[in-house]
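There are 4 protein chains.
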Amino acid sequence: MKALVYRGPREVEVTQMPDARIEAPTDVLVRITSTNICGSDLHIYEGRAPMEDGKAIGHENMGEVVEIGDAVVRVKVGDMVSLPFNIACGFCTNCERGLTAFCLTVNPGFAGGAYGYPMMGPYQGGQAEFLRVPFGDVNCLRLPEDAREKEADYAMLADIWPTGWHGTRLAGLRPGENVAIFGSGPVGLMAALSAQVQGAEEVFVVDRHPDRLALAERIGATPIDDTDGPTADQILERTKGEGVARGIEAVGWQAHDPQGHEVPNSTINDLIASVRATGGIGVLGVFVPEDPQSPDEDMKEGRLTIDWGTFFTKGLHLGCGQANVKAYNRELRDLVHAGKAQPGWIVSHHLPLDEAPEAYRHFDARDEGWTKVVLHP
Amino acid sequence: MKALVYRGPREVEVTQMPDARIEAPTDVLVRITSTNICGSDLHIYEGRAPMEDGKAIGHENMGEVVEIGDAVVRVKVGDMVSLPFNIACGFCTNCERGLTAFCLTVNPGFAGGAYGYPMMGPYQGGQAEFLRVPFGDVNCLRLPEDAREKEADYAMLADIWPTGWHGTRLAGLRPGENVAIFGSGPVGLMAALSAQVQGAEEVFVVDRHPDRLALAERIGATPIDDTDGPTADQILERTKGEGVARGIEAVGWQAHDPQGHEVPNSTINDLIASVRATGGIGVLGVFVPEDPQSPDEDMKEGRLTIDWGTFFTKGLHLGCGQANVKAYNRELRDLVHAGKAQPGWIVSHHLPLDEAPEAYRHFDARDEGWTKVVLHP
Amino acid sequence: MKALVYRGPREVEVTQMPDARIEAPTDVLVRITSTNICGSDLHIYEGRAPMEDGKAIGHENMGEVVEIGDAVVRVKVGDMVSLPFNIACGFCTNCERGLTAFCLTVNPGFAGGAYGYPMMGPYQGGQAEFLRVPFGDVNCLRLPEDAREKEADYAMLADIWPTGWHGTRLAGLRPGENVAIFGSGPVGLMAALSAQVQGAEEVFVVDRHPDRLALAERIGATPIDDTDGPTADQILERTKGEGVARGIEAVGWQAHDPQGHEVPNSTINDLIASVRATGGIGVLGVFVPEDPQSPDEDMKEGRLTIDWGTFFTKGLHLGCGQANVKAYNRELRDLVHAGKAQPGWIVSHHLPLDEAPEAYRHFDARDEGWTKVVLHP
Amino acid sequence: MKALVYRGPREVEVTQMPDARIEAPTDVLVRITSTNICGSDLHIYEGRAPMEDGKAIGHENMGEVVEIGDAVVRVKVGDMVSLPFNIACGFCTNCERGLTAFCLTVNPGFAGGAYGYPMMGPYQGGQAEFLRVPFGDVNCLRLPEDAREKEADYAMLADIWPTGWHGTRLAGLRPGENVAIFGSGPVGLMAALSAQVQGAEEVFVVDRHPDRLALAERIGATPIDDTDGPTADQILERTKGEGVARGIEAVGWQAHDPQGHEVPNSTINDLIASVRATGGIGVLGVFVPEDPQSPDEDMKEGRLTIDWGTFFTKGLHLGCGQANVKAYNRELRDLVHAGKAQPGWIVSHHLPLDEAPEAYRHFDARDEGWTKVVLHP
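Residue numbers (my numbering), protein chains in the order written: chain A, 369 to 745; chain B, 369 to 745; chain C, 369 to 745; chain D, 369 to 745.
For reference, chain A alone in the conformation it holds in the complex (with noise of 0.2 Å):
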């Protein structure tokens, strides 16, 4: 099957790679329908999360199911799913409650499995023709008769929308309180959807690009550009002083200024400038354990200096981390086939998978109007 393989830093390939079958009895094959660059596939692009040459990369995939193994009992043949980016076996402690972002089973050793992703087990990814899925009756989601209708909506369920949703709950978000969005890529964004969706007050999203930030003000949230002055000023003199209740990195370790220096802890010290005492910050955005790469000395070592004392004296919370996107999908998938909600609003480009390349190139330099690419194998 033909397949987007890892070459080595800013390298990637469409290649012919042997098929993706059934290897266990829980196993699900899909036809991979769409399948999105995600944000986070960049870091391998760069080099700057290294994998191996000559796998798959993708875990942002949907499909149709076209074989199921001995023991799969609830998806079946012809089925169109969104396929979580996270692979989680169900039944171990963190799957249990819900914390599928996190499953003990599928890449031992570490708590988490992805499909074609550093350092998170063996999986193959899907930006391919075929891909293979564990503990398929876990791992798919099923969508219902508007799936081939509605598929730039859909496609944004396996990672990008329940991972902005997540930026919401790890920040503790109510209805009728405001928020800021540290980063109007895919998942800023996403965040700021799901922000509205659930009511928010006011949703400030910061960020440098005019598309991105045309993007966040499309759907009814308010653009800070960082270019303006600093963010955390900017937040509180729209706030009367006080802050936002909320907020969510949407950016990760490679947060650079305006000027182009990466300051790894530049968005979480915003964010505890901007968010008001007793508020909640949820952190999206990826750290490292270690980046040898790194131009910041301490990021080389997955640290970051934080503002400890102002974070500490305001009584902040702060969660972090991969979204459980199972917890989300089904109520999402909902949303979209009820008409409330159409993430797929971001989509820039439906591509050939034979282009990928080219799309990884452009979206790498955050090239203007290439926010989302979704391709189809």
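Incorrect hints may have been included.
Same chains, same label: a pair holds when it works inside one copy or across any pair of copies.
Mimicking DSSO-like on lysine-lysine, the simulated pairs with C-alpha atoms at most 27 Å apart in a straight line are [said to hold, decoys possible]:
id, residue 1, residue 2
1, K608, K444
2, K668, K518
3, K370, K423
4, K608, K708
5, K608, K518
6, K370, K518
7, K708, K370
These aren't lab readings, by the way, just hints derived from the structure by calculation.
With chain A held as given, fit chains B, C and D onto it using these hints.
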């Protein structure tokens, strides 16, 4: 001052009574600018909730602060304020936990006090020119600079919108879930608005008055006409036999069938039939411990015959009681201010106080178009 | 293999039946070492919960894994395991949220399945030498190395202790609050133990059997003998007229008065009278949708006449239904292992399977000292 | 009246100052019977939390009401009361939600006020004969008839026990889980007691003072001596490599290594290493926004270098800040009254006020056996 007082069953009168005044150092005196007739005022009007002759009615109040007691530190003369219908001390066991509808201080021997209502303490109602507000710092919600401009919206904060919102909390509604609301009087409509604001998947509203069902439809809810057949059947049919995740009762003990016979247990049992296993029910409609005038033998002594075996088998949960307005009114105010919600859409009539008796007549008769009356003394 | 099967009202028999065996690749086969007689087995025994002739009874099971299906990855042959009474798939809507007592997969057309119980699916009971466990990775809780040494304690994890614990969760008990538990059968006693472990202030246990009340007292609970006068009065008197914060029903639809007459609504209404405004009630005792044999006219059709007006006025909340055992059994296992709780204190008899019929007779008669029987096939 | 006042670094003095008196109609005047020296008083004593010359110290206060203002309605002269260290108005945004440690009224410009502490408002401390209590109905917890008999236990309700309890809530401890507490000073010990009362599986307490570790052991906790090797390693070893579910920081910014060097980020990073993926951390130890006297360059400006990559990868959550005492003190009082907990077990010295200066000296030096001092003016 002028006030609307109760004289006897179906007899109310606008008359002169002694001016409301500061009686304790924590009191605040408010000149009423808007005071709504509530569905529960009809219980008084009909003589089903017996009140003493000459007492002023009215617990949905809003106005301007004209005087404050010596111990008041937050509220200032000139503030526009919304007054939660339940009066709270702010420091008893229940108030401390946010359960301000069950204050143990303001109405000794009973958990809860209110303005102008039988059994809820000695407090005069606000369908009058002035109102004495006990524990003013606790019981005044200050309104922003657009208070007069959006007065019809802010007037809904004293009771009806927080009460509708409370129903969604008692039922445990989560974004992406569906909900059935029995009753599309003002409380039911506000529960529907609340569910929409919170991101419900689909909101069913059950009633039989076309004008009220039309109001539900205007905010995107799905009307269910109970004259079209058994309501639980209709709901099951529209949900592929699954039933709804959540249900809300917004009718109360005088629930009657389409033929006009009171069947007090009908809404609760219909909800038990309509809500799916593991779901939740919130009961907002008032049920009283006794009503000698009820045509139902059980209800005379406050009893209902409930489908308890089904309730247990489904593993449902149910919460009930008056809304803790202060648990919600700040955020709801902020949603109005931010333009995210317009609860005033249900107001059908703005009238001077003098026309209150006629308004009671029409509202009690459920005359078409008389959805919600705001009086302006 | 040998098994205890139902023959007809008050007739059970130990007989030979075909060996339990692996039927699906996710199955696990367990050799039973401990299987308890549950109070709800008496509903079968008395013919009030009609079961088919020849089916094995028994849903409180523990034992050793002797065979596993091809798709089982976590459980190993030789593991000592506790088997939650409710059978769960681990991947349906309800299981995903931890509501494993309402699995939608294992008993099509009904929310929930169990071993050896009418209406709960085709599964044989475990009062037998062997038991087939569906979805073995989901339905086996592995026990630590002291499994045999503390077998009486671990045997309580399949149902009775998690069920008692569930009552405290449904009621919303918080540390430092008091609670009244109606019924000191095994479930009531386990609710009392659960409340003590969680730091309850005072735990009242209502019953009339001196041996059972003595067991409650042994763990520090306060016994209330309902032959000493109306229970709500006794509870109000001991709480300075305030009532208790929380209440738990652990009797069910065959509740009877001290004279032995069935009064199915008595415990619920006593709880409504005993629990203070804003409090919570958890209902563990089984109430069935119909019981033609009930002497109570309402209960024949699954109805109870409830003091609903008082329930509403107090603003109570109430949850009910079978316990989601998997939501609690890990932590409870760990408490046994750490020596923090000894739920086996209620066990009165350890018997071989052959003596099961006699044990049923004594237990059904509430003969003194027959609190809890553990069978060892 | 006599009071213990601050004079300068390591200089406190018992002297005469003007009598505390009623200043506002909501005030209550209390004659102090017990007032504890708190670990955070040592920050003042050492000059690390700079306070003005001549101000009375003391925020852990208990006593008898001797006078009430005109607007006080609940508290009566003669009541024995415990006074939460954080002063709250009861009606601001934060107080309404139970976040009384962050009151917006009592210390304008800052979220939170307290007795006798720098930056926490103009309030005198209670290490004195009398104390003025603002908003008396809100800030007095009335004690039962055994107040004098169990005075050492009730004296712990003003701060130290609710603070320890708060740590378990911030960490999200559930019954049956294990927890590691860094620091076995009074707050750490109270966190350990709280975890035990709530049904923790195992409670690790990390410190190096044998007398304090012995106190932890007396209530069933497992002591970890940090001079025996890296604490995270010790905890991982005792938990089969899994780490603990929850962690609590009870040391603060002056954390130092066994050799006595201040390493302010050591406890937080040790917790990140000790807590397992998906776990929670509660931070009780005080971290200040700046401390020019800190030997650590980052900490001079309130910063800590945190292992953020590991924190994110594990998906931990962390909450911090001063305890909302009123959220817990009622239930904790009831546990003392019911004999379910004896928090006074940590008290090492009962002394008259005159001996306070010497007590400060010993307590600051961590002299063996000086665990907790209660002064009786």
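The hints, checked one at a time:
1. Taking the closest pair of Cα atoms, K608 and K444 come within 27 Å of each other only across two copies (19 Å); inside a single copy the shortest separation is 55 Å, beyond that limit.
2. With identical chains, the CA atoms of K668 and K518 are never at most 27 Å apart, being 42 Å at best within one copy and 50 Å at best between copies.
3. Taking the shortest Cα distances, K370 and K423 sit within 27 Å of each other inside one copy (12 Å), while across copies they are farther apart (54 Å).
4. In this assembly of identical chains, the alpha carbons of K608 and K708 lie at most 27 Å apart only when taken from different copies (19 Å versus 32 Å within one copy).
5. Proximity of K608 and K518 under a CA criterion of 27 Å is satisfied inter-copy only: 21 Å between copies versus 41 Å inside one chain copy.
6. Proximity of K370 and K518 under a CA criterion of 27 Å is satisfied intra-copy only: 25 Å inside one chain copy versus 56 Å between copies.
7. For the homomeric pair K708 and K370, neither the shortest alpha-carbon distance inside one copy (36 Å) nor that between copies (48 Å) is at most 27 Å.
Hint violations for this structure: numbers 2 and 7, all remaining hints satisfied.
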